[in-house]
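Undergrad: Each chain is listed here by its residues.
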Amino acid sequence: MSWITAKRRHPAATYVLVGLALVLIGAGYAVLTTSGSASASSPTTANAAQIADGRNIFLEDCATCHGMFAQGTTGVAPSLIGVGAAAVDFQVSTGRMPAAAQSAENERKPPRLTTAQTHAVAAYIQSLGGGPAIPTAAQVSTAGANVGLGQELFEANCAACHNFDGAGGALTNGKFAPPLTQSTPTQIYEAMLTGPEAMPVFNDLTVTPQEKRDIIAYIVETRSEPNPGGFSLGRVGPVTEGLVSFLGLLLFMVLAALWITAKHGKTHE
Amino acid sequence: MSDTNSPGVGGEAGDPAGASWPEYLSGASASGHGASAGEGQPDGDPEAEQEFHAGPRRVIGTPSPAAARTMLSGPGSDGGKPAVRELPADPDDPQRAKKAERLAAACFILAGLAGVGFLVSYAIFDVHSLTTVLHSQLALGTCLSLVFLLMGIGAVIWVRHVMPDVEITEQRHPMRSDPADRAAFSETFKEGAEASQFVKRPLLRRSLIAASVPLAVAPLFLLRDMGPLPGTSLDGTVWRKGLRLLVYGTGAPITPADFDTPGALISVGPEGYLDDDDAMAKAAVSLIRMRPGELVFGPAAKPGGPSKPNFTVPNWTVDNIVAYSKICTHVGCPAALYEQTTHYILCPCHQSTFLATEGARVIFGPATRALPQLPIGVDSAGYLIALSGFNEPVGPSFWERS
Chain A
1 MSWITAKRRH
11 PAATYVLVGL
21 ALVLIGAGYA
31 VLTTSGSASA
41 SSPTTANAAQ
51 IADGRNIFLE
61 DCATCHGMFA
71 QGTTGVAPSL
81 IGVGAAAVDF
91 QVSTGRMPAA
101 AQSAENERKP
111 PRLTTAQTHA
121 VAAYIQSLGG
131 GPAIPTAAQV
141 STAGANVGLG
151 QELFEANCAA
161 CHNFDGAGGA
171 LTNGKFAPPL
181 TQSTPTQIYE
191 AMLTGPEAMP
201 VFNDLTVTPQ
211 EKRDIIAYIV
221 ETRSEPNPGG
231 FSLGRVGPVT
241 EGLVSFLGLL
251 LFMVLAALWI
261 TAKHGKTHE
Chain B
1001 MSDTNSPGVG
1011 GEAGDPAGAS
1021 WPEYLSGASA
1031 SGHGASAGEG
1041 QPDGDPEAEQ
1051 EFHAGPRRVI
1061 GTPSPAAART
1071 MLSGPGSDGG
1081 KPAVRELPAD
1091 PDDPQRAKKA
1101 ERLAAACFIL
1111 AGLAGVGFLV
1121 SYAIFDVHSL
1131 TTVLHSQLAL
1141 GTCLSLVFLL
1151 MGIGAVIWVR
1161 HVMPDVEITE
1171 QRHPMRSDPA
1181 DRAAFSETFK
1191 EGAEASQFVK
1201 RPLLRRSLIA
1211 ASVPLAVAPL
1221 FLLRDMGPLP
1231 GTSLDGTVWR
1241 KGLRLLVYGT
1251 GAPITPADFD
1261 TPGALISVGP
1271 EGYLDDDDAM
1281 AKAAVSLIRM
1291 RPGELVFGPA
1301 AKPGGPSKPN
1311 FTVPNWTVDN
1321 IVAYSKICTH
1331 VGCPAALYEQ
1341 TTHYILCPCH
1351 QSTFLATEGA
1361 RVIFGPATRA
1371 LPQLPIGVDS
1381 AGYLIALSGF
1391 NEPVGPSFWE
1401 RS
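Going down the list, the protein sequences come from chains A and B.
Going by the working numbering, the first residue of the first sequence is number 1, and it counts up by one from there.
Going by the working numbering, the first residue of the second sequence is number 1001, and it counts up by one from there.
Hint data in this document are derived by calculation from the structure and do not stem from the laboratory.
Fair warning: there could be bad hints in the mix.
DSS-like, lysine-lysine: derived pairs with alpha carbons at most 27 Å apart [claimed, not checked]: (1) Lys263(A) x Lys7(A); (2) Lys175(A) x Lys109(A); (3) Lys263(A) x Lys1200(B); (4) Lys7(A) x Lys1098(B); (5) Lys1200(B) x Lys1190(B); (6) Lys1200(B) x Lys1241(B); (7) Lys1099(B) x Lys7(A); (8) Lys1098(B) x Lys263(A).
Please model the entire structure based on the sequences and the hints provided.
TA: What follows is the structure in structure tokens.
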């Protein structure tokens, strides 16, 4: 390690250290943010026992904000009567509900409830006022889907917020459209059907169930696209890629210039 | 590489030529043949001068008057001419130089290996599919970059740690050729002109000049590509009375009953133009379904009439369905980020924000005009149609915009 001691007063040492630290932080952040899980959910037939079970869980985990009868609390939480099982399954299975705090955007996190518990709460909410049901496995199957049409629909209606590749993007006042990289087909379907948070609704009559499957197929398809060069950079497009290459090369060239021109050895008197 | 520490140079250590670089440099400045010599004597040939004076001047990039000064050859090749001043060819720290030499050599060897890697990758990666092309390009590019990078690093190490670390002043010398050369050139030129009979034969001369005139004028003609003027093409879109609103992508017509979920949004285009990208570039429309009571209506306005009053939606809607141009009035990005909770329509380019419930008026950002609203109605079959085109030009401002 003596070479470190020898070089630590080198003029370029600071730049090298800062560069290394940035790379480390970036890599660490990337590793941390990609962790997380999504639970696959399948709809179940509601029965009285399940609804009762769901009501108990609701009272325990949701009623604080949404009220004892899911009627909502003004300024805090919306009424859940009529939102349907699909909305509950989306919010709970993506971990957005129960919310960690009142914030502009509820972020995806590991779900608090199991799939069975989620379905129980969903059945309870469904029993209150109806609404969109949780889609079946067949409804979200991408087998035989028209990915090309899915891309057209996605680009016209979804890409504005979610990015052409499902990478997400910023909205107003701290809200943002989340990345779709971890969403399950069921969750994507439910989101289109119910319009969680600021997202608009795409009902089954304007975007048919088959067209929803096409959109899901496109989103799933983009995940397996190769990343030229090996780094996706969030797949947010050429601007980021250009900026990263530009800054990276700039840093490299500054360091190289420092190294080439650095004074060394004794001065000649 | 091994020539760098040539034994001949070490043998000259006792020689007066072994003077240190600072002495050498001060000698140069004291000799009076500085930059002024070049400026004051346009006829002076720097090389010839150096021959005559055998002075201590050395111009980078020219043959050294003292062969022994070069790093790579010994004093033996000097042709008997006495070398007056010499570079201290031995580095200050031979140990360190030896190390640097090995390091640079290692870089060069690695560069060579990377070069071989380039050839090998070319041979082993096939290019029959997108994925293999990707791998091939990655391997070829990496190898080639390594070759250049390692050669560069080696060269820098060589220069910095093996060559003497001294500052060298480069003297300017006149760029002008010497008078004899100039006279000779002039002579040759005149001879050529004479021999070609360019002056004597006006027919040849003039026809050649005439031949080149169209070529010279050609660039002026290319200016025409800047036109024609857009005329009134920017004023309207292809939307006109009676065109159905079709879902972009599927081409399905929409009834108000289909589009009945509050908070719903869909991108639509005019019937017959969905595949016409030029038309769609201006005619794209966001169709939004509001909850009852959310739209703030203004006084009834006639489709195609004057611009809608600010802050209100003219009664151009059907069952709380409102249609706005998707083209931002700032610089024409697709403003289609609709938040159904706040009813903001956000443009992703410069964050212009429009309030959909109040005629898409600007509430934030650089846009200055509300998004144009498309008057919509229902045809006899129950499908949504346009009642007219937009009542104002869509998209950003332009010079002749009324």
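Undergrad: So, for every hint listed, does it hold in this structure?
TA: Checked hints:
For the proposed pair Lys263(A) and Lys7(A), the alpha carbon gap of about 13 Å is at most 27 Å, so the pair holds. Distance check on the hinted pair: Lys175(A) and Lys109(A) sit about 16 Å apart at the alpha-carbon level, within 27 Å; holds. This hinted pair does not check out: Lys263(A) and Lys1200(B) have alpha carbons roughly 66 Å apart, beyond 27 Å. Only pairs whose Cα atoms come within 27 Å are accepted, and Lys7(A) paired with Lys1098(B) is accepted, the gap being roughly 19 Å.
This hinted pair checks out: Lys1200(B) and Lys1190(B) have alpha carbons roughly 13 Å apart, not beyond 27 Å. Proximity of Lys1200(B) to Lys1241(B) is assessed by CA-CA distance (about 75 Å); at most 27 Å being required, the pair is judged violated. Between Lys1099(B) and Lys7(A), the direct Cα distance comes to roughly 16 Å. Compliance with the 27 Å bound is thereby established for this hinted pair. Of the supplied pair hints, the one linking Lys1098(B) and Lys263(A) holds, its CA atoms being roughly 19 Å apart against a limit of 27 Å.
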